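Okay, here's what each chain looks like letter by letter:
2 protein chains.
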Amino acid sequence: MPYGYIGSMRAREGCRDDIINLLLSAADGLRAAGCQLYAVCTAPADADMIWVTEIWESAERHEASLHLPETRAAIAKAMPMLTGEFTRQELTVVGGLGVSS
Amino acid sequence: MPYGYIGSMRAREGCRDDIINLLLSAADGLRAAGCQLYAVCTAPADADMIWVTEIWESAERHEASLHLPETRAAIAKAMPMLTGEFTRQELTVVGGLGVSS
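Taken in order, these protein sequences are the chains called D and C.
Sequential numbering of the first sequence, starting at 1, is according to our numbering.
Sequential numbering of the second sequence, starting at 1001, is according to our numbering.
Worth flagging that the hints you see were computed from the coordinates, not collected in a lab.
No experiment lies behind these values; they were computed from the predicted model shown.
Everything hinted at is true.
Just some of the chain C residues that point at chain D, by a computed CB distance under 10 Å:
#1 1020
#2 1031
#3 1039
#4 1055
#5 1097
Backbone N, C-alpha and C fix where the C-beta goes; we use that ideal spot for every residue, glycine too.
All chains should be built: construct the whole structure from the sequences, respecting the hints.
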C-alpha cells in the first residue's frame, strides 16, 4: 500500500514564499522517483507555516528520494530559511479517491 | 487555489477497520462533489488512529459536501465508534505534483 507523509515546517519571517518556490521547483522530478502526490500548502491561520502532503509508491522510494543530489541541494538551500520547528507524520494509505494502490 | 484538509480521528478499540470501510465506501461519490483527493490512512505508530487527507476544488465545495445526506449518514454511523479525539488542519494548496489548480 502507498506510503503517506505529512510534514510541516515554520519559515523565518519573510521567507515563506522563497521556500515554497524551492519546494515547487523540485516537484516535477519526483514522479520518476515514485511520488504520486506532492501537495505544497499554506495555512490561512498561520502565515509562516508550510505544510507538505506526499504519497509515494513505498516508504523505500520516499527514503531513497531524500538521498538524491537535487533533494539534498534543495534541503541545504531551505534550511537557513527555516526556524527548525517541524512536525512529521508517517502513514499507510489504505485507499480513497485519487489514490493508486 | 484548491482547499486542503488534514484530519485525524481516534477509533475506539477494535473499531478502526469498520470506520475505514465506512470512509472508503463514501469516497466514490466525492468526485462529483468537487473532491480531487481523499486519502484514508492508518498510522503504523498508533493502531487506533485514522488520518484523512483531502484536496477539494474550494473550501465552499468541501463545506457543502458536509451537508449531503450520505455524508451526514456516514458521520452519524461513525461517531459512536470514535473516541472524540480529533485534529484538523485547513490549508490552501499552492501547487506541486498531482494537484490540479
